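Place chain X on chain E using the hints.
Protein chains: 2
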Amino acid sequence: MNHTRFWGIEDVSITECDHRILAENLTATHDVPPFNRSPYDGFAIRSSDSKHASMNHPITLKVVETIGAGQVAEHEIESGMAVRIMTGAKIPDGADAVIMLELVKELIIDGETHIQIKRSVKKDENISFQGEDTQEGTVLVKAGTKITPGIVAILATFGYHTVSVYKRPVVGILSTGTELLDVNEDLQPGKIRNSNAYMCAAQVRAMGAEVRIYQHREDNFDSLYKSIKESLQETDVLITTGGVSVGDYDFLPEVYKKLGAEVLFNKVAMRPGSVTTVAVFEEKWLFGLSGNPSACFVGAELFVRPVILKGMNMLKPHCRVTKATLSRDFPKPNPFTRFVRATLSEEIDGNVVKPAGLDKSSSVSSLVEANCLIALPGGTRGWEKGSEVGVITWHGEGSEWPWDHPLFSKSSAIKTVEKQL
Amino acid sequence: MNHTRFWGIEDVSITECDHRILAENLTATHDVPPFNRSPYDGFAIRSSDSKHASMNHPITLKVVETIGAGQVAEHEIESGMAVRIMTGAKIPDGADAVIMLELVKELIIDGETHIQIKRSVKKDENISFQGEDTQEGTVLVKAGTKITPGIVAILATFGYHTVSVYKRPVVGILSTGTELLDVNEDLQPGKIRNSNAYMCAAQVRAMGAEVRIYQHREDNFDSLYKSIKESLQETDVLITTGGVSVGDYDFLPEVYKKLGAEVLFNKVAMRPGSVTTVAVFEEKWLFGLSGNPSACFVGAELFVRPVILKGMNMLKPHCRVTKATLSRDFPKPNPFTRFVRATLSEEIDGNVVKPAGLDKSSSVSSLVEANCLIALPGGTRGWEKGSEVGVITWHGEGSEWPWDHPLFSKSSAIKTVEKQL
Chain E
1 MNHTRFWGIE
11 DVSITECDHR
21 ILAENLTATH
31 DVPPFNRSPY
41 DGFAIRSSDS
51 KHASMNHPIT
61 LKVVETIGAG
71 QVAEHEIESG
81 MAVRIMTGAK
91 IPDGADAVIM
101 LELVKELIID
111 GETHIQIKRS
121 VKKDENISFQ
131 GEDTQEGTVL
141 VKAGTKITPG
151 IVAILATFGY
161 HTVSVYKRPV
171 VGILSTGTEL
181 LDVNEDLQPG
191 KIRNSNAYMC
201 AAQVRAMGAE
211 VRIYQHREDN
221 FDSLYKSIKE
231 SLQETDVLIT
241 TGGVSVGDYD
251 FLPEVYKKLG
261 AEVLFNKVAM
271 RPGSVTTVAV
281 FEEKWLFGLS
291 GNPSACFVGA
301 ELFVRPVILK
311 GMNMLKPHCR
321 VTKATLSRDF
331 PKPNPFTRFV
341 RATLSEEIDG
351 NVVKPAGLDK
361 SSSVSSLVEA
371 NCLIALPGGT
381 RGWEKGSEVG
391 VITWHGEGSE
401 WPWDHPLFSK
411 SSAIKTVEKQ
421 L
Chain X
1 MNHTRFWGIE
11 DVSITECDHR
21 ILAENLTATH
31 DVPPFNRSPY
41 DGFAIRSSDS
51 KHASMNHPIT
61 LKVVETIGAG
71 QVAEHEIESG
81 MAVRIMTGAK
91 IPDGADAVIM
101 LELVKELIID
111 GETHIQIKRS
121 VKKDENISFQ
131 GEDTQEGTVL
141 VKAGTKITPG
151 IVAILATFGY
161 HTVSVYKRPV
171 VGILSTGTEL
181 LDVNEDLQPG
191 KIRNSNAYMC
201 AAQVRAMGAE
211 VRIYQHREDN
221 FDSLYKSIKE
231 SLQETDVLIT
241 TGGVSVGDYD
251 FLPEVYKKLG
261 AEVLFNKVAM
271 RPGSVTTVAV
281 FEEKWLFGLS
291 GNPSACFVGA
301 ELFVRPVILK
311 GMNMLKPHCR
321 VTKATLSRDF
331 PKPNPFTRFV
341 RATLSEEIDG
351 NVVKPAGLDK
361 SSSVSSLVEA
371 NCLIALPGGT
381 RGWEKGSEVG
391 VITWHGEGSE
401 WPWDHPLFSK
411 SSAIKTVEKQ
421 L
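Residue numbers (our numbering), protein chains in the order written: chain E, 1 to 421; chain X, 1 to 421.
Okay, chain E solo, but in the shape it has when bound (with noise of 0.2 Å):
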């Protein structure tokens, strides 16, 4: 997280900036309410014309004009005048109450429109004044915050028609591996078509980057170092799957070594994903995650995750922690830490997790299941149906590194395990 630096900024509308994360703080450019303002239907009048008001002495007041929201009166009301007010309309000057529209009698004398009053009302009565919601200055929203709906209603009310956000980094993505087919090619024997580029495009996308997905390459060391070289020209993450371990095949942290980038870690203590390798080459970052669609995802989710939005100045770029019932034996020991991908169920009574799929690390088909992932720390024996479990999603707030909640603690948990190549 030493290494992570800030994406730029940029200004983008208020009908284009859903989700994206505020560069500025959001300021109150006004009081709100803007003026003293009626909270009813009702008539604006003098307080003191009511004083002695009552069921057996009503007192008359003419009704000298009607002003609707976005209305301003005419007439300074003087005694013995009301104005007929609606929701939200401005309190003419010289009225210091409203009196709701169900308590007063209409009345018509000489032609003309009055109301009958049988109670007195106080000063300041039925007024909602200016600022009294939000004094101009006050800082509404601070930078480093998602823009939600909520948000850009303040944007509006405050007159942002355009807003200062974070720029999306480009994250390049690059699949290695002389087994890929791309999508739209047909099987061919003993090749698979390449699943990690475009899940982890959406993965990435979902965090709030901009993707350019690169032909994917075989494992050939030339041909790899002149994509990834070239790639780095215009990413400012690239991420390549496949090529950390494949058997004699072992490429990618030698490319890194050609280009000259610092690698910060070349392995990690931990299931899926052992073979994750992230390097830092001239302010940009290099993630050489696992060609297994199981240890991409998790390596984009634990890794990648939160060096973009750390980038975007998030408060909590780390994936969400929650905990859970685990709704059946999980046999496993844990050697390592692992992370089981997993369905989460966010019952009204409770959490309740449960294994995904064959929690083969192959299986592309538990991927569609999951929505979560337990973390179950190493140096632990299998676990038990209905044991509470630490779960890591990636929907919603994030949250603060470290995990150090105790169902997480329980271990060297992920702990790098081999700095150096």
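Just so you know, the hints here were simulated from the structure itself, not pulled from any lab data. Bear in mind the structure is a predicted one, so any value in this text is a computation, not a measurement. Heads up, a few of these hints could be off.
One copy or two, it doesn't matter: identical chains are merged, so the pair holds either way.
Simulated crosslink set (DSSO-like; lysine-lysine; CA at most 27 Å straight-line) [to be verified]: (1) K267 to K257; (2) K316 to K146; (3) K142 to K354; (4) K267 to K105; (5) K332 to K123; (6) K146 to K354; (7) K62 to K354; (8) K316 to K332; (9) K258 to K146; (10) K122 to K284; (11) K354 to K332; (12) K385 to K258; (13) K146 to K257; (14) K257 to K122.
Frame of chain E; chain X shown alone:
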């Protein structure tokens, strides 16, 4: 919900289908794995060759070729032969087991590579069999499911470079109110900027619809009728904000009547948003939401959301319900079901909810903090800190109707009180 209709179907590219709703079942177009493959780096052999191998009596096999992932062996393996094989590569014909790399010793005999094996290997050992994860023809994802990155992986794996999804309905938003200014106008006495249209647009986009914001209108029957009639020509759903109960200027129900629309309900026993009018007209929907920002927000989530999502065949088109512990007193009695804007913290040790801002229905600023609504059933008195309350959120998977949990049912709940105009 009986009036909902489907919005139609269209094909989109795999790179542009994020968050769309599947209009077709996704089927495995081939087995997974598509061929028998090796889960490890090792040597493919005939298991019978190893039958008598032991520490004291190792057997030796000749390595006839090396295949990486994506390569296919040229040789059919015969007795005495082995093929070096990488993770994911196809098992050569003739071989019926794989022995892991670390369990053999490589030797050069007469200039040719051999391996020595010191244990017996069972038939089928270390083979991932064709179809063992998923068989061709299996329905993997059902229509009505929202496309996630995991589902994108499925699309890519099975060659869906385009996918059939439900169309986004076109939702028009038309604000009414003589007091309204546009977002780029300077403030004027008695007027406020139109925040509802932009807020509501962001809400509706988040539901997956396409939005058209129309120029806001004054509270004038004829111009409003004309605008609504014209807008309906090019929208599937038309939301108006304001004009439902603005003192003397209560136009919307009258406009709907003149159009010949069927008004489904015109008032709802809830706060805020009691003056919500919903009508249908020639397979189009009309939502007359309050001009009050809070009521408008609540109305869009409670009434517009399920219509949009049901039209995409989603199984759980309503807002998600959960429960949480109230973090402070809420002393107001609730003659009607009340929806209180609030901040839900999904902490690892449970959900905590705090009413946001002042809970004045005019308060725009509390919309910033709010990420949920506390639902307090009608007919209840105030609620104390520490109480368990029902919460409605618009994040994540939705819920089915009705919300029959006791936290929501202690009342007439959201009951239509007036069906006729």
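Hints, verified against the model:
1. K267 to K257: within (15 Å within a copy, 69 Å between copies)
2. K316 to K146: Classified as both; 11 Å inside a copy, 26 Å across copies.
3. K142 to K354: Close across copies (20 Å), not inside one copy (37 Å); limit 27 Å.
4. K267 to K105: Between copies, since 26 Å is at most 27 Å while 82 Å is not.
5. K332 to K123: between (73 Å within a copy, 25 Å between copies)
6. K146 to K354: Intra 30 Å, inter 20 Å, cutoff 27 Å: inter-copy only.
7. K62 to K354: neither (72 Å within a copy, 46 Å between copies)
8. K316 to K332: Neither way: K316 and K332 sit 32 Å apart in one copy and 34 Å across, limit 27 Å.
9. K258 to K146: Classified as neither: same-chain Cα gap 39 Å, cross-chain 42 Å, threshold 27 Å.
10. K122 to K284: neither (66 Å within a copy, 48 Å between copies)
11. K354 to K332: For K354 and K332, only the intra-copy Cα distance (15 Å) is at most 27 Å; the inter-copy one is 40 Å.
12. K385 to K258: For K385 and K258, neither the intra-copy (49 Å) nor the inter-copy (61 Å) Cα distance is at most 27 Å.
13. K146 to K257: Answer is neither; intra-copy 37 Å and inter-copy 41 Å both fail.
14. K257 to K122: So K257 and K122 fail the 27 Å test inside a copy (80 Å) and across (41 Å) alike.
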